[in-house]
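Participant: What follows is each chain in one-letter form.
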Amino acid sequence: MSLSMKPLADRVIIAPAAAEEKTKSGIIIPDTAKEKPQRGEVVAVGAGKVADSGTLIQPQVKVGDQVLYGKYAGTEITIDGTDYLIMKESDIFAVL
Amino acid sequence: MSLSMKPLADRVIIAPAAAEEKTKSGIIIPDTAKEKPQRGEVVAVGAGKVADSGTLIQPQVKVGDQVLYGKYAGTEITIDGTDYLIMKESDIFAVL
Amino acid sequence: MSLSMKPLADRVIIAPAAAEEKTKSGIIIPDTAKEKPQRGEVVAVGAGKVADSGTLIQPQVKVGDQVLYGKYAGTEITIDGTDYLIMKESDIFAVL
Amino acid sequence: MSLSMKPLADRVIIAPAAAEEKTKSGIIIPDTAKEKPQRGEVVAVGAGKVADSGTLIQPQVKVGDQVLYGKYAGTEITIDGTDYLIMKESDIFAVL
Amino acid sequence: MSLSMKPLADRVIIAPAAAEEKTKSGIIIPDTAKEKPQRGEVVAVGAGKVADSGTLIQPQVKVGDQVLYGKYAGTEITIDGTDYLIMKESDIFAVL
Amino acid sequence: MSLSMKPLADRVIIAPAAAEEKTKSGIIIPDTAKEKPQRGEVVAVGAGKVADSGTLIQPQVKVGDQVLYGKYAGTEITIDGTDYLIMKESDIFAVL
Amino acid sequence: MSLSMKPLADRVIIAPAAAEEKTKSGIIIPDTAKEKPQRGEVVAVGAGKVADSGTLIQPQVKVGDQVLYGKYAGTEITIDGTDYLIMKESDIFAVL
Numbered sequence: 001m002s003l004s005m006k007p008l009a010d011r012v013i014i015a016p017a018a019a020e021e022k023t024k025s026g027i028i029i030p031d032t033a034k035e036k037p038q039r040g041e042v043v044a045v046g047a048g049k050v051a052d053s054g055t056l057i058q059p060q061v062k063v064g065d066q067v068l069y070g071k072y073a074g075t076e077i078t079i080d081g082t083d084y085l086i087m088k089e090s091d092i093f094a095v096l
Numbered sequence: 101m102s103l104s105m106k107p108l109a110d111r112v113i114i115a116p117a118a119a120e121e122k123t124k125s126g127i128i129i130p131d132t133a134k135e136k137p138q139r140g141e142v143v144a145v146g147a148g149k150v151a152d153s154g155t156l157i158q159p160q161v162k163v164g165d166q167v168l169y170g171k172y173a174g175t176e177i178t179i180d181g182t183d184y185l186i187m188k189e190s191d192i193f194a195v196l
Numbered sequence: 201m202s203l204s205m206k207p208l209a210d211r212v213i214i215a216p217a218a219a220e221e222k223t224k225s226g227i228i229i230p231d232t233a234k235e236k237p238q239r240g241e242v243v244a245v246g247a248g249k250v251a252d253s254g255t256l257i258q259p260q261v262k263v264g265d266q267v268l269y270g271k272y273a274g275t276e277i278t279i280d281g282t283d284y285l286i287m288k289e290s291d292i293f294a295v296l
Numbered sequence: 301m302s303l304s305m306k307p308l309a310d311r312v313i314i315a316p317a318a319a320e321e322k323t324k325s326g327i328i329i330p331d332t333a334k335e336k337p338q339r340g341e342v343v344a345v346g347a348g349k350v351a352d353s354g355t356l357i358q359p360q361v362k363v364g365d366q367v368l369y370g371k372y373a374g375t376e377i378t379i380d381g382t383d384y385l386i387m388k389e390s391d392i393f394a395v396l
Numbered sequence: 401m402s403l404s405m406k407p408l409a410d411r412v413i414i415a416p417a418a419a420e421e422k423t424k425s426g427i428i429i430p431d432t433a434k435e436k437p438q439r440g441e442v443v444a445v446g447a448g449k450v451a452d453s454g455t456l457i458q459p460q461v462k463v464g465d466q467v468l469y470g471k472y473a474g475t476e477i478t479i480d481g482t483d484y485l486i487m488k489e490s491d492i493f494a495v496l
Numbered sequence: 501m502s503l504s505m506k507p508l509a510d511r512v513i514i515a516p517a518a519a520e521e522k523t524k525s526g527i528i529i530p531d532t533a534k535e536k537p538q539r540g541e542v543v544a545v546g547a548g549k550v551a552d553s554g555t556l557i558q559p560q561v562k563v564g565d566q567v568l569y570g571k572y573a574g575t576e577i578t579i580d581g582t583d584y585l586i587m588k589e590s591d592i593f594a595v596l
Numbered sequence: 601m602s603l604s605m606k607p608l609a610d611r612v613i614i615a616p617a618a619a620e621e622k623t624k625s626g627i628i629i630p631d632t633a634k635e636k637p638q639r640g641e642v643v644a645v646g647a648g649k650v651a652d653s654g655t656l657i658q659p660q661v662k663v664g665d666q667v668l669y670g671k672y673a674g675t676e677i678t679i680d681g682t683d684y685l686i687m688k689e690s691d692i693f694a695v696l
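Going line by line, the protein sequences match chains A, B, C, D, E, F and G. Under this note's numbering, residues 1 to 96 are what the first sequence spells out, in order. Under this note's numbering, residues 101 to 196 are what the second sequence spells out, in order. Under this note's numbering, residues 201 to 296 are what the third sequence spells out, in order. Under this note's numbering, residues 301 to 396 are what the fourth sequence spells out, in order. Under this note's numbering, residues 401 to 496 are what the fifth sequence spells out, in order. Under this note's numbering, residues 501 to 596 are what the sixth sequence spells out, in order. Under this note's numbering, residues 601 to 696 are what the seventh sequence spells out, in order.
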């Protein structure tokens with residue numbers, strides 16, 4: 001899955017995994033007070049952040065990556081009836 | 101559409117999309133507690149931010165780009181009867 | 201219009217536009233909760249900010265520029281009966 | 301023990317030591333108001349953080365290291381029935 | 401007027417102008433909620449701030465300069481019966 | 501005295517001096533509202549902090565140094581029945 | 601007067617001037633709401649702060665300097681019956 005929309009700088013767009021798919025993948029989020037990560041697929045990646053030194057810092061994730069991210073990370077958008085999240089790459093914890 | 105006004109540094113001026121146009125484009129903003137992005141067209145772009153290193157960091161958006169930005173981003177201005185928003189490029193989420 | 205006073209570093213001195221002049225220029229500030237920009241003319245510009253790298257970052261505005269700035273930006277001073285504002289260049293939104 | 305999941309940047313995944321194992325290892329956490337460190341084993345390490353200068357800062361811990369970390373550090377995840385913590389390397393105090 | 405005391409780094413010592421002298425100079429501070437600048441003469445200047453890069457950032461003011469500064473800037477000291485203010489150069493708005 | 505545990509980055513492990521030893525050494529902490537320093541011996545030192553520039557900043561203390569540190573600095577750990585503190589080198593005030 | 605204790609990084613140790621000596625030196629601290637500086641003699645100086653760039657930033661004060669510093673600066677220590685203050689060099693305002 002990909003997307004024509006291009007995030008700016010170090011932002012990525014993620015298609016969150018559906019609730020049932022999450023159980024199948026073996027990831028169970030324990031019921032504690034800790035922040036609970038969410039799972040999704042990267043569908044668009046920005047060109048990277050330009051550091052103060054002028055260096056372009058390349059993103060480490062790519063389209064198609066399955067990722068874990070914080071529950072409250074990002075901003076919701078809906079394109080052609082599908083829900084996405086747009087967030088900074090630094091809000092992503094890990095690539096599955 | 102362009103504009104004679106020149107934003108400073110890493111600021112851009114955006115003409116927000118009218119409400120009906122937003123529905124046609126297929127972007128529907130869900131009714132949740134999350135911050136809701138807005139859509140508009142870039143009508144003026146600053147020369148870029150000069151980093152501490154003295155490097156000019158070029159803007160990544162250009163006049164004519166359709167962009168998504170945070171609902172509370174920017175400052176409203178009205179020029180010759182038209183409403184615009186002036187904001188930092190980092191307040192823009194993505195180019196459509 | 202110019203001014204013998206020399207702002208330090210990245211500061212500029214601005215002669216705010218009179219209220220009636222603002223209406224003629226076609227800039228009408230909508231009556232919302234958003235921060236409302238003000239208009240004025242640059243009458244003095246500092247030599248620029250020296251970055252941590254030792255680089256002098258040149259100001260992007262010059263004496264005579266018509267500029268927009270935030271309503272609460274700067275400090276008021278009165279010289280020979282005329283009111284001015286002294287503010288950092290980063291408080292200026294755009295050059296008209 | 302290793303893990304197929306790849307943390308991003310300067311994050312690491314840790315398998316927390318079981319409560320009884322902690323007593324055997326001779327580490328007893330005194331009952332004071334001070335923050336109490338926890339012990340665990342590193343099971344996955346990110347590629348490192350890219351600094352503003354563009355330099356990749358290599359992680360100092362490796363898979364298999366027994367580490368001490370702050371009690372409230374990290375985010376809980378459960379993979380195939382096992383509990384892990386994902387945290388920044390800077391949340392780790394020491395390697396045993 | 402000069403002073404044997406040597407401020408450290410980017411600090412300067414200022415002899416505040418007496419109240420009557422302020423009126424003569426034509427600077428009248430309007431009675432608003434805005435921060436009101438004060439006027440004085442620089443009597444001692446530090447060697448400059450050493451930036452993180454190791455660069456010495458030279459001060460832009462010199463002994464004898466008439467300057468404007470924020471009303472609440474600096475720390476009061478009294479030497480041989482005369483009141484002075486010691487402040488960072490960045491607290492100075494402009495040289496008259 | 502040394503310790504097999506290796507602190508990460510710019511952290512050090514300290515064996516706090518016993519209360520009676522503190523009086524013998526001639527250091528008496530006055531009974532004021534000021535933060536009171538504590539004394540101890542460095543038993544383990546991290547490899548140093550890697551700065552944003554990629555430079556390894558070497559620790560300035562070494563194993564065996566008698567040091568003063570802030571009363572509330574660090575995290576308590578107990579290894580084989582002995583109490584230690586693990587803290588950042590920047591929490592250490594001085595070497596005796 | 602000197603001291604065997606070696607402050608770390610950009611810290612200095614100061615022997616505060618006695619209250620009567622302060623009056624003799626002609627420095628009278630006015631009774632206002634402003635922060636009141638204190639006077640003392642530098643008795644030990646750290647090797648300097650290592651900046652992020654890896655550069656050692658040399659201290660600008662030396663043992664024997666009479667200095668002014670903020671009233672609430674530093675941490676009190678007592679060595680062999682004498683009271684000292686240990687503070688960062690940046691807490692020192694000026695060398696007399």
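Please keep in mind that the hints were generated in silico from the structure rather than gathered at the bench. Beta carbons: idealized from backbone N, C-alpha and C, even for Gly. Fair warning: there could be bad hints in the mix.
[As the list claims (entries may be wrong)] Below, computed lysine to aspartate or glutamate pairings styled on EDC-like, alpha-carbon distance capped at 16 Å:
1) G/606 - F/583
2) E/449 - E/491
3) E/406 - G/691
4) C/206 - E/465
[To be verified] Facing chain G, a subset of chain E residues (Cβ under 8 Å, in silico):
5) 408
6) 415
7) 418
8) 496
Participant: Compare the structure with each hint and give your call.
Facilitator: Taking the hints in turn, this is what the structure says about them:
{"no.": "1", "hint": "G/606 - F/583", "verdict": "violated, 25 Å"}
{"no.": "2", "hint": "E/449 - E/491", "verdict": "holds, 14 Å"}
{"no.": "3", "hint": "E/406 - G/691", "verdict": "holds, 15 Å"}
{"no.": "4", "hint": "C/206 - E/465", "verdict": "holds, 11 Å"}
{"no.": "5", "hint": "408", "verdict": "holds, 5 Å"}
{"no.": "6", "hint": "415", "verdict": "violated, 14 Å"}
{"no.": "7", "hint": "418", "verdict": "violated, 15 Å"}
{"no.": "8", "hint": "496", "verdict": "violated, 24 Å"}
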